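Here is what each chain is made of, one letter per residue.
There are 2 protein chains.
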Amino acid sequence: MRPFDIIKKKRNGEILTPEEIDFFIRGIIKGEIPDYQVTALLMAIYFNGMTDDETYHLTTSMINSGKVLDLSDIPGIKVDKHSTGGVGDKLTLTVAPLVASTGIPLPMIAGRGLGHTGGTIDKLESIPGFRTDLSISEFIENIRKINLSIIGQTSEIVPPDGILYALRDVTATVESIPLIVSSIMSKKLAEGIDGLILDVKTGSGAFFKEFERSMELADSLVKIGKKMGKKVVAIITDMNQPSGYAVGNTLEVIEAIEVLKGVGPDDIKELTLNIGAWMLKIGGVAREIEDAIKILKKNLKNYKGLEKFRELIKSQGGNPDIIENYNLFPKAKIIKEVNSTLSGYIQKIDTEKIGIAACILGAGRLKVDSPIDPTAGLIIRKKIGDKVEKDEPLITIHSNKKEIVPEAEQLIVSAYFINMDRMEKPPLVYKVLN
Amino acid sequence: MRPFDIIKKKRNGEILTPEEIDFFIRGIIKGEIPDYQVTALLMAIYFNGMTDDETYHLTTSMINSGKVLDLSDIPGIKVDKHSTGGVGDKLTLTVAPLVASTGIPLPMIAGRGLGHTGGTIDKLESIPGFRTDLSISEFIENIRKINLSIIGQTSEIVPPDGILYALRDVTATVESIPLIVSSIMSKKLAEGIDGLILDVKTGSGAFFKEFERSMELADSLVKIGKKMGKKVVAIITDMNQPSGYAVGNTLEVIEAIEVLKGVGPDDIKELTLNIGAWMLKIGGVAREIEDAIKILKKNLKNYKGLEKFRELIKSQGGNPDIIENYNLFPKAKIIKEVNSTLSGYIQKIDTEKIGIAACILGAGRLKVDSPIDPTAGLIIRKKIGDKVEKDEPLITIHSNKKEIVPEAEQLIVSAYFINMDRMEKPPLVYKVLN
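Going line by line, the protein sequences match chains Z and P. Here the first sequence is numbered in this note's numbering, starting from 796 and rising by one per residue. Here the second sequence is numbered in this note's numbering, starting from 796 and rising by one per residue.
One or more hints might be untrue.
Which copy? The list can't say, so a pair holds if one copy fits it or any two copies do.
[As the list claims (entries may be wrong)] Taking lysine-lysine and the DSBU-like style, the derived pairs with C-alpha atoms no more than 30 Å apart in a straight line are:
| # | residue 1 | residue 2 |
| --- | --- | --- |
| 1 | 804 | 1185 |
| 2 | 1185 | 940 |
| 3 | 1178 | 1197 |
| 4 | 1026 | 1177 |
| 5 | 1162 | 825 |
Keep in mind the hints are simulated off the structure, nothing from the lab. Predicted model only: the values in this text are computed from it and were never measured.
Could you build all of it, start to finish, from the sequences and the hints given here?
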């Protein structure tokens, strides 16, 4: 078998065999296939796609290339949640403790933010002392003890994913559904889970802006997961504006705690219940979505979710006092309003621009190894359908980089589309695939 | 400017600017753009193609990236000939001396064989003592003195071509018309020529087997050449069977000498006159093709072409006595007939298979750095339309590799399609684009 022939086959739109896919993945890990052949194949896959079978085999090869966790001696149906990424998407921080508080074990290996979208690991690391680099055995131990642990990706699990992602990132081959699906599903399924809820974002701040492409991605994710014998549900949710109000690591953790306290933004509350309910359903805690929502509402009201979040923080070395005292979080030096230049109703928000603004202010990283400023970010003051007067704030900036503020302001102002027509809020959930 | 954005632009089917193309080519030479980004771009070009303008700019960037010969102080219209490659294609060896003998200066930088097709440089190097590695100043001096010099490619001229070709070769991106056109035309136009005849082969032994693709290639080559202000003619010629009878380096040199002596195969004679006549026309020696053919016929008859070949051999250190005494060439140890297993008429020859048979017998190289056996090759005994009896020879094998002979025999037998229907010979020339 030669890498050349595999590239040529895919270039010609033919279907790769499981052996050919495996040969390529093993060659990548062993360093036997040079990067320039890998990227040629990636580009050919970008153009010619992969069948469901090929995507399944690619996912399987990737899973088998590294460590696969065995959580079978932890009782219960192990469930995880994955989001395709958005702006202000702190749902893991609300959903995970709330669902774990109902008794479902959640083994969660999460990602960092890249580009305009945030990442759960960066958010958790803004909690003073919180460790996301637990060993696999500490991770398993915590799931056993408190039903929940959230750690960052480790090179032991799906080792080629890091290599492939780095190459895709610099060769414009990120936006390929089979490559996205195999990357997501291999990492998730190597965690040893039984079920997975996929929050597939769609809209101006999502990875795929068009609904059709988001549907295609959701459909492929569900197909591959089911082919692997897992319980998988995809929920297509709106990302035409930031989720909640807070964008940026510390700011989002605080907003998530507010939600677990029963306050916080309505959209985050509603999505938390929605996504959480599907986790309860596949986790076997509730048969019907309505029942699941009742259980979750109860655990919000009696603070069981909040207490689970406290346990999570404690078990991973963080300071749980931040729950009561937000002043324990460092704060940005510059807090500044960005005002509207027009009066009217918010018609549209270019959410990617909002994400980029937060990113350049310090909340995200433009390169994989850039440092993050946990205090930086934005508070959204006006969302779609809201009325705004000229000189009224659209957003509040939090930053320590004075020189970047004007650029961020400009991005924010240009991201808002305002006119005098009344505007409906977009729906939160478009579709559930199960 | 970032390589990523250029890759993404081409991936999206957009048109690259001259600056973007130049940035990429310069980045490749300086080693600033890693191979894995180069191959991703090559694959995106494979899929989305390039406009004539992009191909022109790519060609220009490649030319300007290295040395461009200035032959302006050599009087006359400098003309070259390029073939897209075939099996038994020794036309440079017959056309070049014949045309140079009419007074046209020919600066020729030629290639080596790769895969199933032969290369002029390998053929010339089978002449004892013949040097193809003259310096640029020796090359120019010889053109000045005898109107003709033929040397191998040098890294001074179009330095990125070698890098690009090596990467294309291992990533299945060779078969891309803009990449082929820019590679051919940049090298040819950097020679300082005024005119170029392109022999675009089509058929079972050609690079492009389908006539339509060959036309597309010819059309693009002519367009780019004209845009560069050069006189360019493309002739689409048949490669559905080997040219002449000899395939392999020494064997082809002998056949070329035979043609220059006025004997040798009819197809080579006819193509020599045809291609040569267009060179005389663009070289200003004849106004009409008919007049050009008369001049060439005269120079065949009075052995001026043969004498020019002798001068070429002498001027590049070869032994000119080979012209009279073929025994000065080393000979293969094994000379063996491959007989037909059927009686009938030759309907079709899979010429690529014939080329591969010659190659594995030692006449070609499967890798860029493999050594060549100048004595190895084939003599074609039956061509399309010929009648053959069972057990009559189809081909005579010349080789020094006993262990390979059975595999070559098998390839040869399987390359011939024989049945009882009478069959016409294919035409030699399909079309002239000028």
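Each hint, compared with the structure:
no. : hint        : result
1   : 804 x 1185  : neither (59 Å within a copy, 38 Å between copies)
2   : 1185 x 940  : neither (53 Å within a copy, 83 Å between copies)
3   : 1178 x 1197 : within (26 Å within a copy, 80 Å between copies)
4   : 1026 x 1177 : neither (38 Å within a copy, 66 Å between copies)
5   : 1162 x 825  : both (26 Å within a copy, 24 Å between copies)
Violated hints, listed in ascending order, are 1, 2, 4; each of the other numbered hints is respected by the structure.
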